[in-house]
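In case you want the letters, here they are:
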Amino acid sequence: MAENQRILVCAGTGCASSGAHKIIDVLQEEIIRQGIQDRVSVVSTGCHGFCEQGPTLIIEPQQTLYTQVKPEDVPEIVAQDLVGGKLVERLLYIDPLTKKPATTFANSNFFAKQVRVVLQNCGFIDPEKIQDYVDNAGYKGLTNALKMSPDEVVEEVKKAGLRGRGGAGFPTGLKWSFCRNSPGNKKYIICNADEGDPGAFMDRGVLEGDPHSVIEGMLIGAYAIGADEGYVYCRAEYPLAIKHMEIAIAQAEQAGYLGENIMNSGFNFRLKIRAGAGAFVCGEETALMASIEGRRGMPNVRPPFPAQSGLWGKPTNINNVETWSSIPHILKNGAEWYTQYGTEKSKGTKIFALTGKINNTGLVEVPMGTTLRDILFDIGGGIQNGKAFKAVQIGGPSGGCLPDEMLDLQVDYDTLTKAGAMVGSGGLVVMDETTCMVDIARFFLDFSQKESCGKCTPCREGNKRMWDILDRITKGEGKLEDLDTLENLALVIKETSLCGLGQNSPNPVLATLKYFRSEFEAHIVDHKCPAHVCTALLTYSIDAEKCKGCGLCAKNCPVGCITGEKKAPHQIDEAACIKCGTCLEKCKFDAVIRL
Amino acid sequence: MEWLTLTIDGREVSVLKGSTVLEACRRNDIPIPTLCHDPELTAGGACRLCVVQIEGMRNLPPSCVTQVTQGMKVETQNPKVRNARKTILELLVANHPLDCMTCQKMGNCSLAEFAYEYGVTGEIYQGERRNLPIDESNPFILRDPNKCILCGKCIKACSEIQGKSILDFSYRGFDAQVGPAFNVPYNESDCDFCGSCVSVCPVGALVEKQMVGKGHPWEITKVQTTCPFCGVGCNFDLNVKDGKVIGVTSNPEAPVNGKALCVKGRFGMDMIYSPHRLTTPLIRKDGVLVPAEWDEALDLIASKFGEIKKNYGPDSIAALSSAHCTNEENYLMQKFMRAVIGTNNVDHCART
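Protein chains in written order, with the working numbering: chain A, 1 to 595; chain B, 1 to 352.
These are computed hints drawn from the structure, not numbers from a lab. Quick reminder that beta carbons are idealized off the backbone N, C-alpha and C, glycines included. A portion of the hints provided could be inaccurate.
[Said to hold, decoys possible] Facing chain B, a subset of chain A residues (Cβ under 8 Å, in silico):
no., residue
1, T104
2, N107
3, D484
4, G500
[Said to hold, decoys possible] Ranges of calculated distance between the beta carbons of each label pair, as one might list FRET restraints:
no., chain 1, residue 1, chain 2, residue 2, range
5, A, F178, B, G56, 17 to 23 Å
6, A, E477, B, E55, 41 to 47 Å
7, B, G56, A, G386, 48 to 54 Å
8, A, F178, B, T69, 15 to 21 Å
9, A, L595, B, G213, 55 to 61 Å
10, B, K73, A, E477, 58 to 64 Å
11, B, G213, A, P558, 53 to 59 Å
12, B, E219, A, P198, 40 to 46 Å
13, A, T339, B, K17, 39 to 45 Å
14, A, G278, B, T326, 29 to 35 Å
15, A, G278, B, G119, 40 to 46 Å
16, A, K475, B, E123, 16 to 22 Å
Throw the hints in and build the complete structure from the sequences for me.
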């Protein structure tokens with residue numbers, strides 16, 4: 001083995017929190033100790049997307065993927081693989097479908113079935129080095145754009161059919177043209193990096209792993225629109241993303257991609273970062289701009305639209321991280337190339353964040369129009385612990401829960417909206433048979449009602465009252481009329497709220513009512529939670545025939561409500577039981593009955 | 001000027017381009033309930049009570065911020081619109097104290113008026129209610145945040161009319177509330193107590209403290225008058241019950257000031273019944289101030305002025321006038337000094 005090798009260690013937020021930095025340190029020491037530092041380098045990269053299996057590392061050029069690596073595995077990796085040329089088989093990824101180890105990342109189902117356009121650099125370059133980006137055709141899209149007229153750039157983006165990746169799916173090129181055609185000699189562009197949906201982290205992945213793609217996208221947008229100043233509005237909870245963006249901006253300024261007379265084109269553009277203070281509603285455009293201006297982040301009525309009067313009253317164009325990051329690829333490869341992916345009305349690829357009860361938690365990128373089943377089962381590896389799939393929440397707290405029979409839906413803007421969900425930012429929260437849908441609706445509403453800015457009545461008061469009703473149902477205090485009240489309230493909130501938060505927050509309730517009504521009825525009529533989640537509706541008892549009187553349940557019961565003689569059947573005092581389920585977990589004889 | 005024609009509830013009406021649907025309705029006597037709208041303040045579209053149905057538009061747009069377009073078809077009273085409004089009112093009432101019997105706003109409360117009109121029961125949505133301390137920190141404004149419906153008008157009155165920006169929203173969602181920064185009581189904020197916030201509050205969240213318990217709207221006669229405190233000439237309504245002034249409220253038609261007033265005009269009228277108020281001229285006799293008739297007092301002043309002028313010259317007399325007086329009164333004062341006394345020694349408390 002004499003060839004040069006690179007070890008790409010994922011140091012995104014997920015892998016970093018499970019010890020990636022320690023692995024990088026040990027790798028560097030070990031490479032020197034085993035004397036191969038001249039031909040092997042260690043690269044700290046952004047997210048590989050395979051968060052469930054983190055920390056992960058990829059060895060190039062072999063494309064070997066090692067998963068769940070611990071610092072103590074490092075000497076073995078160096079000795080056996082890098083020096084000896086033999087795979088460390090126990091660290092290879094075992095595909096849950098084929099049960100076979102994947103010898104390269106490319107032949108694992110997780111990666112093989114993806115089409116990584118926006119994510120193509122994530123995990124493969126050092127995000128802190130502009131040269132890595134440039135070496136991978138970085139700033140080629142900008143070079144091409146600067147040779148075109150601004151109108152031609154707008155046309156190219158229109159032709160590509162790119163639609164806003166932040167959730168609403170508005171055609172990007174059209175949006176640009178509004179701002180471009182808006183009168184005014186000072187215009188702004190903004191990158192919305194206030195990613196806030198529970199279970200969505202694709203924007204974080206891109207900012208951390210490939211910050212220059214966002215800068216390049218914004219440069220192209222600024223040139224097309226006629227803006228000379230831009231902001232990246234990033235939530236403060238993403239410190240690594242902000243750090244990488246700061247480094248990238250400084251390096252781009254030094255390299256002449258940002259600043260005055262960019263690449264001798266006469267085009268000027270400055271980019272600044274603003275950290276948000278942790279309000280979900282600041283992802284809404286008008287609230288976001290208020291926040292940048294230093295005001296309370298509250299949405300304002302439209303018109304005027306940001307394209308007419310936005311930041312500080314100037315024409316402003318806002319796109320989200322993934323949208324900006326798609327732009328360089330379109331300008332680099334052409335609109336026609338981009339439209340090979342996707343459906344008739346939803347072009348290109350989309351990143352999804354897989355979370356919940358799924359085997360392969362992580363970030364995946366697929367062409368628009370891929371079915372949910374392909375995403376969740378082929379790439380996602382199916383449901384954890386062999387449990388049955390129940391639902392997938394798509395589009396975060398503004399989306400909807402879709403059941404099994406909707407799994408063959410093509411994921412695109414129009415199909416999902418018709419089904420009562422939305423693409424949203426692309427969070428996919430997977431639920432299995434142990435998830436209670438009433439509880440899930442309550443969970444998402446809890447989020448929405450707390451994040452409502454409080455400005456308009458239906459969102460502020462209505463979401464709270466929907467939550468109250470759902471809370472009562474999970475406690476067995478619901479009435480059948482509550483379902484009608486919920487439905488009416490949900491529809492009024494949708495139709496009368498000021499911004500997208502209120503207009504979409506009832507979606508999880510409406511979708512669960514539509515697809516899982518029987519579960520609501522079970523809670524109300526039978527006072528039972530079919531998924532055994534709502535503790536107020538559970539009863540625990542001990543089957544005297546199965547109980548051997550081992551006393552393990554009584555020993556572990558945190559409130560001491562289980563009594564019984566040794567080797568004789570035990571009993572649970574129902575009045576004192578807090579329904580924690582410890583006895584059920586501990587019993588070795590299946591004697592504890594939960595109803 | 002361009003006129004646009006639209007159809008509201010089947011009726012064709014014409015309005016100036018730039019009008020909102022709400023303005024079009026109001027000009028044509030078509031009732032639309034509003035809580036957060038005030039023609040003197042920027043429109044916020046916050047309460048959502050003024051929603052209507054407009055052909056071709058998604059959802060139910062709020063009429064207060066929706067501009068009229070040519071040929072627009074608006075429905076203001078169909079079952080869907082009325083249901084939405086009723087639901088919004090039910091939501092507001094579900095988080096509002098129902099102590100209307102003892103509320104100072106009784107008879108003048110927009111929320112109560114619309115709740116009555118829409119048959120709101122207050123029983124549909126049960127659950128937590130706001131439970132915040134009442135701000136009784138000052139002698140002028142009584143602030144009960146539990147009655148606040150967060151329409152935001154007080155915030156805008158403070159910033160847009162008064163330019164003070166004492167009030168704003170704080171917290172989020174159900175916990176959202178309105179108040180001074182850091183939630184301090186009014187008297188610890190930079191509030192001047194102009195009471196503009198009180199004048200726009202549609203419910204009993206902000207009331208004139210001095211009037212609490214003194215009378216209901218139907219017992220009060222409003223008498224428009226000019227404020228005696230200074231020369232600006234603000235108008236307001238004296239609220240008179242049983243021949244006694246119990247307080248002052250803004251008169252939106254006031255030509256000089258609209259609803260705006262200062263702390264003196266709005267809250268200083270208790271001086272009318274002050275025992276310390278001078279009701280006759282006083283003349284110092286043997287070191288003691290003794291009540292006198294006007295003629296006696298004026299004769300004394302005239303003779304003393306004449307005496308001083310004769311003995312010491314006109315420049316030994318000076319006049320200091322007050323901002324309490326009108327411009328006309330101040331003019332007369334300097335005219336008197338120059339023409340009658342013969343000096344330029346005139347000055348005014350508001351000069352510097």
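Hints versus structure:
| no. | hint | verdict |
| --- | --- | --- |
| 1 | T104 | violated, 48 Å |
| 2 | N107 | violated, 47 Å |
| 3 | D484 | violated, 11 Å |
| 4 | G500 | violated, 11 Å |
| 5 | F178/A to G56/B: 17 to 23 Å | holds, 20 Å |
| 6 | E477/A to E55/B: 41 to 47 Å | holds, 42 Å |
| 7 | G56/B to G386/A: 48 to 54 Å | holds, 51 Å |
| 8 | F178/A to T69/B: 15 to 21 Å | holds, 18 Å |
| 9 | L595/A to G213/B: 55 to 61 Å | holds, 58 Å |
| 10 | K73/B to E477/A: 58 to 64 Å | violated, 44 Å |
| 11 | G213/B to P558/A: 53 to 59 Å | holds, 55 Å |
| 12 | E219/B to P198/A: 40 to 46 Å | violated, 55 Å |
| 13 | T339/A to K17/B: 39 to 45 Å | holds, 41 Å |
| 14 | G278/A to T326/B: 29 to 35 Å | violated, 55 Å |
| 15 | G278/A to G119/B: 40 to 46 Å | holds, 41 Å |
| 16 | K475/A to E123/B: 16 to 22 Å | holds, 20 Å |
When each numbered hint is compared with the structure, violations occur for hints 1, 2, 3, 4, 10, 12, 14.
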